[in-house]
Amino acid sequence: MNDLNLTRRGVLLAASGIAAGAALPAPARANTPGQMEAAIRSVAGQAKIQKGKVTLDLPPLVENGNTVSMSVTVDSPMTRENHVRAIHVFNEKNPQPNVITVRLGPRAGKAHVATRIRLADTQKVIAIAEMSDGSFWSDTQEVIVTLAACLEDPTI
Amino acid sequence: MWWRSLLAGALALFLATLALAEIPLDQRRSGYDMMSASTKAMQDDDTSNPATLSVLDGEALWSRKAGSEGKACADCHGDAEQSMRGVAARYPAFSAARGRPINLEQRINLCRTEQQKAPPLAYESRDLLALTAFVGRQSRGMPIAVENSDQTRPFIEAGRKSYSARQGQLNLSCQNCHDDNWGQKLAGIAMPQGHPNGYPLYRLEWQSLGSLQRRLRNCLIGMRAEPYAYGADEYVDLELFLMWRARGMTMETPAVRP
Amino acid sequence: MSARALINVPKTAKRGEVIEIRTLISHIMETGFRHGTNGQSIPRDIITSLTVRYNGEEIFSTLLYPAIAANPFVTFSTVATESGTLTFTWEGDNGFSVTEEAKIVVA
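Chains as they are written, first to last, in our numbering: chain R, 1 to 156; chain X, 1 to 258; chain P, 1 to 107.
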């Protein structure tokens, strides 16, 4: 995933948020913050996203952007009346803004999920929690991503 | 003649410098020590370690009958936990049949072709990686102990020469980075000493398991040097030298590295 | 060879205890954004979802995207309500579908 052409050209931002899903002939383009914003809006609508309750755990400097350990924890009693319905994670500069979407409920006991993600470049990652009362909370992390010193050439 | 003593002096100085360049035994560190906490956590726990999937594949392969002889590894070697204990820690090992050391991949393929009468497994193939990961796993926690005797010494020396020789467009030797500059940062990551104590390992850069030869080729390509073909004697000599250089260090197979 | 999945579920738990479950499955998670040596785009091939059921009732589900690293590792929590079976279903591109089970005894 490190052979992406990361020159930041202006990416056309249509209302539908052109994610590089369809076959793009050019090397994959970097996402811009605008696309991330559009992806967030498609999930949260016009609701205000407040900072807090969410802890997005990512290393500030990753050893390799191909596999980055990430965890999201949300402060919530996870009862039937008050729980986290979903966690959405977005990124700023991968070819696509979505990272993972998790559906939870009172059976979770704890609002905590961990996984490993890919980050194409130094960028912001944002985790948004959708609560059972319709409110949205978030946390943002800036992550520095370096390239491996000696890249492998698969043709040799 | 006067220049003989000058030559002797220069040689002595050169050898002394060579010796100085080597890492003192008590300062050797596994690449594990230089990883971030989250990468270490990936290696520490079997469920987190992506290489575990290969070890499980290897365990299944161990009992699978193969070749025209219809034999499985288990038919001759029984329970791998017993019979393979310590094996990977002493490879590459001298093969009387071949008159030179061979590595674990070659040993497995010798069994395949000669005992099982099955076709050899390709380098970096899923099955060969799985078997070497499974066999290597049985040496985890044990000290590296390759043979250093009259019969293996010429090959260790050949490996040492490869290790110290400058090569490629960047005119670098392995020594320049891994002996002289270990611990310093290259592109934001600490340079390890280059010990092979965790192979085959899951490299985050590859997002898959890979052998020591894959890693060596990776380095050679990175230095803009011509990599040898898989299975070349030069690699096995270098593997043997590196294992000898890491003698006494603990096996971590299958490890995780950035 | 079929895909390998590794599931870590505690064998026993106390009723009402919140337990952590870890899953790991082998999959290349080809993003669809890479190009081969001939310049042609390598088609996307990823796991798109993991759904977990506890005695038939869905307790956790996640949508995965190309940004998830190869050999997806997902950890989550659930309340140990009763003894029974947890079913893990991974689905993805090209008809990928793997189901694994784990039993738990809740006292």
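Just so you know, not all the hints are guaranteed correct.
[Unchecked claim] Over 10 angstroms on every C-beta distance to chain R, these chain P residues come out as not near it, computed from the model:
hint	residue
1	Arg-4
2	Lys-11
3	Thr-12
4	Lys-14
5	Thr-62
6	Ala-69
7	Phe-96
[What the hints assert, rightly or not] So the derived list for chain P, only partly shown, Cβ under 10 angstroms to chain X, looks like this:
hint	residue
8	Asn-8
9	Thr-23
10	Ser-26
11	Ala-70
12	Leu-86
Just so you know, these hints were derived from the structure itself, not from any lab.
Built from N, CA and C at the ideal position, the CB exists for glycine as well.
Worksheet item: Of the hints stated earlier, which fail here?
Response: 5, 6, 12
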